[in-house]
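Chemist: Single-letter residue listing:
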Amino acid sequence: MNPTIRRLSALALALALPFAASAADYKVGPGSTLGFSGKFQGQQFDGSFGKFDAAISYDPANLATAKFDVTVDVATAKTGDNDRDNALPGSDFFDAAKYRQAHYVTTGFSKDAKGNVIANGNLTLHGVTKPVQLKVVFNPNAGGARLSVTGTLNRLDFGVGSGEYKDTSTIANEVLVNGSLNLLPK
Amino acid sequence: MPLRSDATRWSTITKTFHWTMALLILGNGFFALWMDGLKPSMEKINMFALHKSIGLTVLALFFLRLVWRLADRRPPEDAAPRWQRVAAQVVHGFLYLLIVALPLTGWAFNSAHGYPLQYFKQFNLPALVEKNDALSSVFGEVHEYLFWFLILVLVAHVGGALKHHLIDRDDTLRRMLPFGRAKRATPTLPGDTP
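Protein sequences, first through last, are from chains U and X.
Per my numbering, the first sequence runs over residues 1 to 186.
Per my numbering, the second sequence runs over residues 1 to 194.
Be aware that a few hints might be false.
Restricting the straight-line Cα-Cα distance to at most 16 Å, the calculated cross-link-like pairs of lysine to aspartate or glutamate (EDC-like) are [claimed, not checked]:
no.: 1; chain 1: X; residue 1: Lys-131; chain 2: U; residue 2: Glu-164
no.: 2; chain 1: X; residue 1: Lys-44; chain 2: U; residue 2: Glu-164
no.: 3; chain 1: X; residue 1: Lys-44; chain 2: U; residue 2: Asp-112
no.: 4; chain 1: U; residue 1: Lys-166; chain 2: X; residue 2: Glu-43
no.: 5; chain 1: X; residue 1: Lys-44; chain 2: U; residue 2: Asp-92
no.: 6; chain 1: X; residue 1: Lys-39; chain 2: U; residue 2: Asp-92
no.: 7; chain 1: X; residue 1: Lys-121; chain 2: U; residue 2: Asp-167
no.: 8; chain 1: X; residue 1: Lys-39; chain 2: U; residue 2: Asp-83
no.: 9; chain 1: U; residue 1: Lys-78; chain 2: U; residue 2: Asp-112
no.: 10; chain 1: X; residue 1: Lys-131; chain 2: U; residue 2: Asp-81
no.: 11; chain 1: U; residue 1: Lys-51; chain 2: U; residue 2: Asp-69
no.: 12; chain 1: X; residue 1: Lys-131; chain 2: U; residue 2: Asp-46
no.: 13; chain 1: X; residue 1: Lys-39; chain 2: U; residue 2: Asp-46
no.: 14; chain 1: U; residue 1: Lys-67; chain 2: U; residue 2: Asp-25
no.: 15; chain 1: U; residue 1: Lys-67; chain 2: U; residue 2: Asp-53
no.: 16; chain 1: X; residue 1: Lys-44; chain 2: U; residue 2: Asp-167
These are calculated hints, taken from the structure and not from any lab test.
Could you put together the complete structure from these sequences and hints?
Modeler: Below you can see the structure in the form of structure tokens.
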């Protein structure tokens with residue numbers, strides 16, 4: 001380590017110390033994505049939400065104070081197929097006219113057997129609230145942090161896909177969710 | 001019923017190929033024309049998936065049939081003028097071509113549209129071409145027009161068979177019928193004389 005870096009590190013540490021006890025607060029910056037992957041007729045398709053927002057409080061050293069609060073405009077889902085994109089906001093799926101926003105709020109954080117950080121939270125989607133766990137990877141960087149989350153949920157738990165669209169032999173029940181957020185200090 | 005073709009009739013295997021594929025191809029074609037007009041629904045999605053699976057079955061049967069055709073004997077042609085035998089061969093050539101072209105253009109249509117291709121909900125097949133909306137509508141049109149062309153060729157095929165049966169009163173049709181028996185013990189030798 002050369003002296004300049006050592007001095008800067010010491011400075012950074014000195015600046016960070018007063019905040020170490022509480023989680024840092026972040027907002028969502030450009031270059032953030034929130035997506036999902038489903039399976040239709042045996043083939044994976046990937047979608048993303050054009051509009052979402054999140055308030056993130058996170059300090060890897062103090063998970064007790066961490067919190068995610070995410071809102072998603074489900075009408076902005078795009079999956080690269082016109083037929084599907086027209087169907088998703090409709091009453092058979094998200095019913096965006098009635099339930100425009102999905103909402104995820106964490107209730108607590110824990111670590112799994114492998115040492116991964118797991119966010120425990122409640123997802124409200126299509127008017128139904130159910131617990132959903134997300135695996136959390138948090139990497140601080142110069143401007144803030146990169147937060148990556150992945151998780152799975154069952155679409156039918158939330159009533160996404162009603163009537164004949166409940167058929168899981170054509171549309172798989174399991175949906176992967178993934179987020180990659182460019183976090184900026186609040 | 002003989003497994004292999006003999007001098008008086010087509011083998012059970014050849015007949016099974018012929019009539020199974022005839023049923024599947026025609027059934028699948030009219031099934032598609034009907035379901036195409038339905039409102040979007042899960043049922044329609046599953047019907048299309050069924051149509052695709054049947055089409056792939058036809059394609060697979062075609063290759064098996066081709067192998068069988070090369071291995072099996074053929075009953076001799078019934079006596080007919082040369083132009084009629086040439087016409088019959090041209091019609092058969094078109095039929096074989098269309099049996100392959102219909103599933104393949106359907107597959108390409110499906111791929112260009114970006115749809116998955118799943119065989120009877122069991123496994124997926126790869127895309128033939130990349131997703132391309134313009135190409136997709138071209139393949140879609142060609143796929144449908146080929147079916148109407150097939151109907152035209154079938155009119156000649158069935159017309160020829162009926163002409164042999166009803167006018168010439170020979171065994172051409174009878175020897176391909178599922179439980180057909182040759183009328184004559186001795187087959188007619190091929191020749192140019194009517």
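Chemist: Evaluate each hint against the coordinates.
Modeler: Right, here's what the structure says about each hint:
no., hint, verdict
1, X:Lys-131 x U:Glu-164, "violated (27 Å)"
2, X:Lys-44 x U:Glu-164, "holds (11 Å)"
3, X:Lys-44 x U:Asp-112, "violated (44 Å)"
4, U:Lys-166 x X:Glu-43, "holds (12 Å)"
5, X:Lys-44 x U:Asp-92, "holds (15 Å)"
6, X:Lys-39 x U:Asp-92, "holds (14 Å)"
7, X:Lys-121 x U:Asp-167, "holds (12 Å)"
8, X:Lys-39 x U:Asp-83, "holds (12 Å)"
9, U:Lys-78 x U:Asp-112, "violated (32 Å)"
10, X:Lys-131 x U:Asp-81, "holds (10 Å)"
11, U:Lys-51 x U:Asp-69, "holds (15 Å)"
12, X:Lys-131 x U:Asp-46, "holds (15 Å)"
13, X:Lys-39 x U:Asp-46, "violated (25 Å)"
14, U:Lys-67 x U:Asp-25, "holds (9 Å)"
15, U:Lys-67 x U:Asp-53, "holds (14 Å)"
16, X:Lys-44 x U:Asp-167, "holds (13 Å)"
Consistency with the previously given hints fails for numbers 1, 3, 9, 13, ordered from lowest to highest.
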